[in-house]
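Construct the complete structure from the given sequences, taking the supplied hints into account.
Protein chains in written order, with the numbering used here: chain A, 1 to 391; chain B, 1 to 391; chain C, 1 to 123; chain D, 1 to 123.
By construction, these hints were calculated from the structure, which means they are not laboratory data.
Be aware that a few hints might be false.
Said to hold, decoys possible - Below, a sample of chain B positions facing chain C; criterion: calculated Cβ distance under 7 Å:
{"id": "1", "residue": "Arg47"}
{"id": "2", "residue": "Val50"}
{"id": "3", "residue": "Asp369"}
Every residue gets a Cβ at the ideal spot worked out from N, C-alpha and C, and that includes glycine.
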Amino acid sequence: MTDRGQMIYMDYAASTPVDPWVVEAMTALMTADGNYSNPSSTHAAGRRSVEYIAHAAGQLASLLNTAEDTLVWTSGATESDNLAILGTAHYRRERGQHVISMRTEHKAVTDPLSELERHGFEVTWLDPDATGLLDIETLRAAMREDTQLVSIMHVNNETGIIQDIQSIGALCRENDTLFHVDAAQSCGKLPIDLTALPVDLMSVTAHKMYGPKGIGALYIADRKGVHVEPLLFGGGQQRKLRPGTLPAQQIVGFGATAAIAQSRSNDDFRHLTALRDRMWAGIRDIPGVTVNGDVANGFPGILNVSVEDIEGESLLLALEPLCVATGSACSSKSQEPSYVLRALGRSDALAQSAIRFSFGRPTTAANVDVAIELYRNSVDRLRRLAPGRAA
Amino acid sequence: MTDRGQMIYMDYAASTPVDPWVVEAMTALMTADGNYSNPSSTHAAGRRSVEYIAHAAGQLASLLNTAEDTLVWTSGATESDNLAILGTAHYRRERGQHVISMRTEHKAVTDPLSELERHGFEVTWLDPDATGLLDIETLRAAMREDTQLVSIMHVNNETGIIQDIQSIGALCRENDTLFHVDAAQSCGKLPIDLTALPVDLMSVTAHKMYGPKGIGALYIADRKGVHVEPLLFGGGQQRKLRPGTLPAQQIVGFGATAAIAQSRSNDDFRHLTALRDRMWAGIRDIPGVTVNGDVANGFPGILNVSVEDIEGESLLLALEPLCVATGSACSSKSQEPSYVLRALGRSDALAQSAIRFSFGRPTTAANVDVAIELYRNSVDRLRRLAPGRAA
Amino acid sequence: MSSDPYSAEVRALFAAAEHGGVLDDASCAAVEDQGVRISLFATVEEGIVTRLRFQAWGCPHVIAAAEAFCAEFEGCAASDLLEFSVSGLMQSLSVPVEKSGRILVLEDAVRSLGSIVCGASEH
Amino acid sequence: MSSDPYSAEVRALFAAAEHGGVLDDASCAAVEDQGVRISLFATVEEGIVTRLRFQAWGCPHVIAAAEAFCAEFEGCAASDLLEFSVSGLMQSLSVPVEKSGRILVLEDAVRSLGSIVCGASEH
Ligand SMILES: Cc1ncc(COP(=O)(O)O)c(C=O)c1O
Ligand SMILES: Cc1ncc(COP(=O)(O)O)c(C=O)c1O
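Okay, structure coming up:
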């Protein structure tokens, strides 16, 4: 079980391996004959680091179809979400202290919003429909004069549901409300055109798209009224929005990751769709099995299924050597059923039986077949082991 | 000039190359057959990441002689400084709103302190003596009932001066004042024993000690009253002090960096001392040359020299292909003379002629000899090019 | 320091669960509490528990504990069931404290089984 | 996009500075302003500037601009010095705006040199 040789990794929504080309690009920036210089230095070595970083910014900007100077490097989507939410809220305090979000957002969004609540802001937490989707009319009804910010994620990390950020953004523009999108799960996987989209702030992170952990970015639209106050203060890097020595190897890694994603995302999407469809076809006839999300319209990298009358933790152990998640990776250390699935209206019992299979570039059809067999056998075995309800 | 082949890098105080062993350890955590899993995941792959991170924490803890759970991973010393200063100040607001620091601190300390000033805190900015050293009596005189925090760096990044953190800390303890130390320049280079030192908070970063950029740590003493409020909110990682997916490869890199430093720091120190002494012996007879700092008692990795009647920017260009710094890397993009050297009492003219030579493991005596020759020739040439004062 | 929430013993007991199942013509005790459901089946001959089986719905520690109990108590005196305590299992299986409530459901089930089989043999 | 603050031309002019130095028995104009010091030396024969030399204390752009001026104006009419403007050099050397004040010191020095040599030849 603990022999890694046997592991089948199906938790790409939690994190991904780093593409070998990306590792190579990063290594070149670290070693003694590389460009390890501090990009804040004015000498030739420092300037070379600056050029590498500018190149990487161009790669990420190209993936998102935006200008390089709309991007601020951060340590990941968690920091980007915090900078977007706390940074805007304080900057726009005069505009109003009402913020709208959803109950199904990632903790990296809900926790800074709760922090705002502790500081006198009011947050309206919208519920999704049973598939996880936000009804635009629900949002319209919640909009107020003093709504300064709406934060809705693109692809949900537990269910894969894709929100209609185009329509949500359009509604925000009508109301002079800023729109923040956590795109940690969609960046590099779904087309994102920031020149066309009515989005003001977008959080992205490299480690969900075959890049390194610990590097992310925040897109800040070059539009009147869009600005964030920094959370960190220091050497003045990145126009004072986010100081600290720029981690050149991480940034160059993210840039290379973006370039690869741009050329591969269509193929990836087809690959993931085939895997997800194969998996679902292989288990959908199990009595009591249901999808959390929407197989037809969700992001195909994620398939989240619950099954009646099965204890989730035992299911997870029975599935080894399959590496999958219950709920989100971030909350899976607690025994509580996922708050995201509860918001979809799942009972505690169904929610806690949920398993998130998430697929990636390295996943094969053979891996999926093993997963199908393991899932069927495990459900079967645990059901046989369980006493009847009326026992 | 721009051909890297010829460059001689003498800016190790700005950043260092990454040790090849460290790069190897990091690579192993990124690729598909490595341990790229999200350490928040409960499955076998995630648990393995957790173990790697725990091992790295042990390595850094051992270098600093502290317990692993006193360390919080951050994105670098800038974030550590901010977390220490903003995090404590708000937590201890009731204790008093007076903070003491020095004019010679890094921007990563002075900028968050200025932010505190904007929020009603009072900061006393102490001046050093002419070598950069803090007189303990100056500190004693500034201490007040309501002084809740003192922040003084260990080794100054521009001059290499070493503050007596043992005595400063002892004075802070007498006054029930927390003591934060920015040890970005000393960690892994000078002995630091956190079990013995009266230090409550210490910032460290990997990229000044042959580790990767973008990873640091904050030491938070396990002592009553020592606590920081988080700056970021999210998935609950690191006991909620600093959330976000732990960047396993960066942390493992920092751990390996610490282990290597532990075994090498004595040799490094001897090596740096020989280089610094050689350099100083080679230029000290130039008329009008002075040291900023203290050759006898400073950290030998840094030699900062000013020279009369020389324009600093032209000197820097004349020194190419030598990569050295004027002032600190972080402020060197501005044309202003270093505020650190001004605080030492240097005139604007002397301060702006300052060149910081900083040496590292890869620096050779031959490199130093080239630097000596370049420096002598450049000063000579620029002096010949300059009109007489009374022209 | 291992971050694995399951000891090797728990993993082995959970994976095999050789005593999982039902016994016909046997005494049976069933308890449901703390979100855990346990049924125990026992055959007793001359005051000796000859066979034990369990059914369980719960986390791996619950299933492992039920299995461990069955393996250990086959062949013991029926009256021993009345004295059964989970504290030994809690230790040997390294059950985390927050799960102790669930494991106590096994204790209830075993004692209830004990009363049934001892009561039955008294007749 | 290059982050190098110096163009190749500035680097070359600064490195060579072939016209750095003094001329004996020549006209000389010296200006000190904006933290910059420039001295210019010229010999003029029949209204033509035959030789130019400079001394300068300042940033690389100042030194490069002084060198470029000398190289360009050797052989020109002395009266041209009176019309000298740095705007061409500002462009060709890509001088950053924040440094324009310093480069204007060169303009002052050249014009002052012009008045001296033209005044001298008028006698
Ligand atoms: C939707 C979403 N937002 C934010 C995050 C946090 O990203 P990071 O680990 O880069 O901080 C994650 C993943 O953990 C995520 O899935
Ligand atoms: C003394 C000191 N503190 C803080 C920092 C900032 O460190 P980092 O680049 O890891 O944010 C540096 C270096 O840039 C430094 O020298």
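### Query
Which of the numbered hints above does this structure break?
Hint 3 contradicted; others consistent.
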